[in-house]
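Novice: Chain by chain, the residues:
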Amino acid sequence: MNKVNADVQASDQVRSPSGFSILWREIVRDKVALISLILLILTCMFVYGISLFLDQGEIVKVDLFAIHEPPNDQFILGTDYGGRDVFGQLIIGTRNSLSIGILVTLISGTVGILLGLISGYFGGHIDNAAMRLVDFFMVLPTLMIVIVFVTIVSDYSIWSFSLIMSAFLWMGIARLIRSKALQERELDYVQASKTLGSSNFKIMFAQVLPNLSSIIIVTMTLNLAANIGIESGLSFLGFGFPESTPSLGTLISYARNPQTLEFRWWIWLPAAILILILMLAINNVGQALKRATDARQRRG
Amino acid sequence: MSNKLLEIKNLSTSFRIGDDYYAAVDDVTLTLNKNEVLGIVGESGSGKSALAFSIMRLHNRAKIEGSILLNDQDIVDMSAANLNKLRGDDMAMIFQDPLTALNPLMEIGEQISEALLLHNPRMTQKQRKQRVIELLNLVGIPRPEFVYEQFPHELSGGMRQRVVIAIAISNKPELLIADEPTTALDVTIQAQILDLIRKLKEEMNAGIILITHDLGVVAEMADRVAVMYAGQIVEIAEVHTLFENPLHPYTKSLLNSVPTEGQDKLHVIQGIVPSLKNLPRKGCRFASRIPWIDASVHEENPVLHEVKPGHFVRCSCHTHFYFSEESKEAEKNGIS
Amino acid sequence: MAFLEVKDLQIYFPIKGGVFNRTVGHIKAVDGVSFSLEQGKTYGLVGESGSGKSTTGRAIIGLENVTSGQILFEGKDITSMKSKTKDLRKDIQMIFQDPYSSLNPKKRVLDIIAEPLRNFEMHSKQEEKKKVQDLLELVGLSPESILKYPHQFSGGQRQRIGVARALALKPKLIIADEPVSALDVSVQAQVLNFMREIQDQLNLTYLLISHDLGIIKHMCDHIGIMYKGRYVEEGTKEEIFTKPHHIYSKRLVAAIPDINPRMREKQYRYRQEVQEEYNSSYNDYFDHEGLAYSLQSISDTHKVALPKRG
Amino acid sequence: MWKFIVRRLFVTFPQIVILSVIIFILAQMMPGDALTGLIDPNIDPAAIEEQRERLGLNNPWYVQYSDWVKGVVQGDLGQSFRYKMPVSDLIEQRMINTFWLSLLTLIFTYAMAIPLGIISGRWNDTWLDRAITGYTYIGFAAPLFITALLMVWVFGFHFGWFPTGGSVAPGLTPGTFEYFISKLQHLLLPAFSMAVITTVSTVQYLRSEIIDTKQKDFIVTARAKGAPESRVYNRHIFRNSLLPIAAFFGYEISGLIGGSIFIESIFSFPGMGQLFLDSVLLRDYSVVTSVVLIFGIAAILGALLSDIILSIVDPRIRIK
Amino acid sequence: ACSGDSDDGQSEGTDSGSDSGDSAEADDEGESDSESELYSIDDFNQIKTNEGEAIDGGTLTFGLVSDTAFEGTLNWNFYSGDPDAQILDWFDEALLTWDENYVYTNDGAATYEISEDGHVFTFTIGDNVNWHDGEPVTAEDWLFAHEVIGHPDYDGPRYGSDFTNIEGMEEYHAGEADTISGIKVIDDKTLEITYIQATPSLVTGSIWTYPLAKHIFGDMEVAEMSASPEVRENPIGFGPFKVESIVPGESVTMVKNEDYWRGEPNLDGVTVKVINPNVVVQELESGGVDTVSAFQVDQYPDNADMSNVEYLGRIDRSYSYIGFKLGTWDKENGEVVTDPEAKMADVNLRKAMWHAVDNTTVGERFYNGLRWNATTLIPPSHPEFHDDSNAGVSYDPEAAKQLLDEAGYVDVDGDNFRENPDGEELVINFASMSGGEVAEPLAQYYIQAWEQVGLNVQLLDGRLQEFNSFYDRVGQNGDDDPAVDIYSAAWGVGIDVDPRGLYGRDAIFNFSRYSSDKNDELLAAGVSEDAFELENRQKVYNEWQQFMIDEVPVFPTLYRSELVPVNNRVHNYYIGDGTNMYRYDIAVTQEEPIVAE
Ligand SMILES: Nc1ncnc2c1ncn2[C@@H]1O[C@H](COP(=O)(O)OP(=O)(O)OP(=O)(O)O)[C@@H](O)[C@H]1O
Ligand SMILES: Nc1ncnc2c1ncn2[C@@H]1O[C@H](COP(=O)(O)OP(=O)(O)OP(=O)(O)O)[C@@H](O)[C@H]1O
Ligand SMILES: [Mg+2]
Ligand SMILES: [Mg+2]
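Residue numbers (my numbering), protein chains in the order written: chain F, 1 to 300; chain W, 1 to 336; chain Z, 1 to 310; chain Y, 1 to 320; chain V, 1 to 597.
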């Protein structure tokens, strides 16, 4: 008995607290979310993979002799009013819309997380100032600024578009992270780190941030769902991408034309359904993740 | 017989974890008489609250087996409507955390008078208010008229706990369950609250189940004490007997780990309370924490034995129990 | 020269209000507290919730801004944040109340205990691991635990990890703010025993903050009792527990439940008496704001807050 | 209470000033101006230039801005170039329409969201709840404009139940009962289309709020009092869950503003959203700046309103 | 009036991929689906065929197609937007009417005589021409309109060369004179205007023929007129209908003007309501409107068989074109400066680019033949001046290649794109306006077509330009963006054919910045006194049309048609000019519009 005996195996359900495995388990348990995730991964692989072999220039090539073809052997999803292959546009459009969604989510997420973290961690005047900034951005007329941007910026690309959209979408996550950081900084482990001589910077990023990781993953996922459709509204108002950069929004907004809406479903409906499915799938995954982070709602 | 208020027989309460049910309260049998305080002690997670909630039938997703007879009425099979008549009237409960037990958006007065309203529908508004003020006075809240219109967050912890008590006693329950009523409070306030409960007991002639992990509180309040470990009652006895002549190794260890005068080294129980999921379902559940006692002395499926009148102990391992000096040595060695 | 000396410490928190959210008043969390610690001894700080115990402790280690007063550690002024040099910071460490929240759940034990080492000392990965394992052994945990996460430990074990972390820099003074109040009695015993053991081994000085007089009595050599940010009484353990002088101290001592059920009635009566005394002599011990007076020595070691005589 | 409002307004005021500067600069950055549209060889470019000078369109933005501010301070929002009428009159006309549209949308939103959220939250994880959450997911994913277009198609043209454009039938005298009914008829479909989408977030919020509240300790207290389930829900859970929704109310305004641009343009509904879009396209600056300013103020006031509502209904942060 | 016209047509008419790609003739058979028909504007009437018996009274609903609210500046002297003009047409009219060649006739509310030298016009207003309030329309009112428009405070867009051509107008406008010396009121109903320059343009639309009711506006400040309730809420005119009520921006209800000078209108009233372009077809089908102000030709093929309407059609006074930037605008002197060094300065390059595009196919495929290949810069809407015999430049990519080869534009580095004669890379930046639905594929098509002949044309900034920035960059303020090499746009031609406003040396709207002495000469000749003689003028303009084909500063791409569906219950409806039909003739056969089957 001459042994340190205190070290007991606490429990058999030893699981890594990384959060990731909890998230993963929740998804696997939730059939809908699992199917959604598989669907998403397949879509992404398909869309990004196949678009490597597609020639965007060829797809958006106008063909006067193939205008408004309904789906047939040559054009699986028919053609649009420029005689362009809708299926090809759908693939590239999905890729572009996904890229925009991901970019916007990442950019706005990064800004939001940084500001929220700093604001929540330091609190006080910094927090006050940051929150006023958030308030202010909330009331900015997003649409107008985007419209101005579209008209004055000559390089209207996926990148610049994502940047400008991100400028108006970081506030939500900043608020969330801030409130979590405010809670987190009251926890003793943060105080402990201070007494152990860690710098604020270190504490914020090495200590606090990992503890917010699951909530960040969840919100980013849900944001991604929202951001995929973000340019469709602008396309509808006529401020979307040029047609040479197909996107789901561009395809859907063809439905603006009553003739297209009524008689030529193949142009807009697949895109509309695809965006719906994508958003639902991402949302399903996000909701499952959300349940995972909220112990009380966890299934099983 | 007529003195018997509550009779619990072979009560098991199981929670669903994953695909299986695990018993947080396992085969508990006990009785409570009128005008008696039964203390229940045990470590965190030993199933004290689960037991209390079972008696009140407040679990929403637990499987309850066995019988709970309150005045010979079985609560386990009771319909929701009948249960609602009992709750808050014949039996009432004081909760552990006064900070969260009150509705933050409801006036104090309203929360107390709700309990009255539910069981005395014929009382007029005015009568109710009067009774609430009386109750607030009774639990020692100064300026009750003023507090009546306050909200929970405007009161201190001690005050809130008094409000919770006022709610519990509003209909003069025969059975009062107090689940760690003072854990969240300062010593001085704890003393006041305990005084209050004692006073109320005398006034109401109620049976009280007092759940706590503070042995001092039990020593001051209880007539009889039940010690719980891992969902089971391991020892029940009259309070003096238990404190002076504890039998179960767990009870002994508990008593020994309280800092008392002249004690240089406190006793330590090795290991930790096993979690619900990996409870040994067979054999003495405390066995793993006294490794120096030979396994053979533990019973296969221990039951409560009445060793003396009114003194019950589970598992006969207590007859072989001694505090392990070796283990203390081991700890020292570990350090050096 | 005292080991640690706190002189007339005041810590105020602003109350914001008014149209412009200006500071309209102050919470006097700590209001003129003075005491000193001897090396190798344990000093207990008791008082009811909100009396300023934690704030005092946190001010010493530098988690709270000091409004006025002085904190001297081995004769050096460490009152302001800036004056806390690296070495000084190493000398004072803290054990936190909640073993669950004081360890970062996302970090492995190795990272948790190595955090101070990484901040103050340069070690190779190997050295660092060795040091951490040594520390784990010191607190009675198996060295293999370094790759585990905090939630894989019980409360008592976690508290030991917290202590190991505090010990990593070989501090001289440890501030223990309610180190066991979140733990079960049996686990409490484990931690308290262990704290005493390492104190002897490493010649540590403790500032033990608790509202559990049982623990204070068990652990401390000197005790200070706080009430609403002020000291009401200070003395050795014996003085405080056997001859409490201030009415508040008496009340506090009387409120401790007795573990012996036979003493029940006696204890109850004693408490009643103290309560009566408290009610009748309240004005003798507290000023018009309900605050304690400043301390007067009644013996070498025993001081009580009483109105100035004469 | 008043102190609180005053303080908020003090914070708000600079926000509005900065907002106005930003939109003014932005308006100036846009290519073209109100006169760009007059591409007509019969119109003398010199005459246009003359007008431009007269309207001050050639001044640097800060001069125009200060002129504009001078006007605004005197309650004069300027003159719409396109409509040849004071912006304030124009906005007044449009604002009334948008106000009713928003109000009806809000009513629809809450009339749908509260029952759905309550059902979904109370009986969570039942098939009914799944159906409702399914709807919220789809509503979340479906672009507003597609929903609205389909609504017009189905209910406007296919069934012919509702008028599909404008705010009132032509030729009716304001003030008469027919006028009122006609107005209402014209509002129903756009308001409903928008509400179908705006409901979603409220339902989701309410649902999780109820699920959250269900687990609170004070609910156990209520049950322990002997309160039947119905009372537990009605008096405790719903009441506590609806409060945050009440506070949400003010923030809805920002959402309504964004949505109105789509809805009004699809339903040819002459409101602020349509006015905004037209004015941007036609560079009617005085209107653009005024509309955006009003949007901004509405959003700010909405946020303020939310804070105030919350501080009134929630005793924990009640401000005396 | 001419106006910048965004290419707002949409392409809906489909042609399925017929056999080979180069056939200019449409192929009606093959794998084509039902919508592949080709149409011709010649098959449409300008006047509605009447079926059934008209009833007395009834009201007509006129759909004003617009995605914005109408401005509500309901007076000819102040309006600026087309929607307002559409409304004005119903209740107010010009004093002079014109025939199908846009020459003023004498069967309007007023008649005119021209002096020998062509400088002095004498107008006589009919005796029974009265304002809606019963006051007579007087010469004084006509003068007043001129005085208001010429007033320095006037805030409408009308003041321009038509007015400065009146004697004494500039002095009056500058504030140097209190009256306009060139306008004399002879008596109540007679007005005399003296013009500085006598040109044939005067009788084709260069006279201001809209009086302003002085008894109403007389006491008003000029600056306040356009915003006054008399313009916005209770507008007045002397047309066949009177405004009864207005829902701002949405609808106008009108009742008949029993006192109308031509006689009592057949209809009891007219309702004009704004309808969104997206719902035009549905409104027509459901009888929500009887007719509309505009109907996009690309919607026609899908709805050609709508049972309850008849389509009226005519040739539109507009054409699309592609312009080449050949110089800049000199703001100082207000004239075009042509730069012989410009990127597009080589006429062969320009002509090759014309050869390279197949406008016939574009018209057939995108517009089902309702837009068609344009040959010259005077569209067939002006039959007197459009040179039918001139075939323009035909689609001939081989010729294009040859021209380029000869001009030295050859591919030297093997990237399939030609370099310029100096061997430098040639990238041509193409500005095209967004707005029209088909705009983008159309621009794309042109780029592809040019690529076929080896020219590297890139869309400016890689996308279409929004209306305002397009015109800004093309140079409507005189600041030409050097990044633009070529651009595509459209012009609406005024009722006066005179092209000086678009191609003159001093026209800021001469966006190509082309100028030459010969051009100046021809344009001047077109409006000289000689040109009063129709044949002379025709000769000059035929020569000019050919000259522009040779020089190619711009080349026309498509001519356009206008279609208007009208409910079958409507009688006597007409579109265009010179039909000898008037709005008071319009009648209906039943109370409610006929609904589509
Ligand atoms: N709703 C529940 N679902 C699953 N397990 C539960 C539930 N409630 C309690 N348990 C488990 O049942 C066991 C007993 O819990 P209980 O709350 O009764 O302990 P306790 O003795 O009251 O502890 P404490 O002193 O901490 O209050 C614990 O292991 C706990 O995790
Ligand atoms: N950051 C802060 N801002 C404002 N007030 C504070 C802050 N920290 C502490 N206080 C106040 O200071 C007083 C003293 O608090 P402190 O935490 O030191 O008390 P304590 O004696 O440790 O109590 P406990 O036993 O509850 O831990 C309390 O009234 C508390 O509300
Ligand atoms: Mg418990
Ligand atoms: Mg504390």
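Some clues are possibly wrong.
As the list claims (entries may be wrong) - FRET-style restraints, in silico, Cβ to Cβ:
hint	chain 1	residue 1	chain 2	residue 2	range
1	F	Y48	V	G478	31 to 39 Å
2	Z	M263	W	G157	42 to 50 Å
3	W	S275	Z	E38	54 to 62 Å
4	Y	R7	W	G18	46 to 54 Å
Stated by the list, open to error - Computed from the model, here is a short list of chain Z residues facing chain F with C-beta under 7 Å:
hint	residue
5	F13
6	K16
7	I61
8	S102
9	E121
10	S124
11	L167
Unchecked claim - Here are the simulated PhoX-like pairs of lysine-lysine, each with C-alpha atoms no more than 25 Å apart in a straight line:
hint	chain 1	residue 1	chain 2	residue 2
12	W	K63	W	K34
13	F	K194	F	K180
14	F	K202	Z	K131
15	F	K180	Y	K183
16	Z	K308	F	K194
No lab work stands behind these hints: they were computed from the structure.
Each residue gets a CB set at the ideal place from its N, CA and C atoms; glycine is no exception.
Novice: Please write out, lowest number first, the hints stated earlier that are contradicted by the structure.
Specialist: 1, 2, 3, 5, 6, 9, 10, 11, 12, 15 and 16
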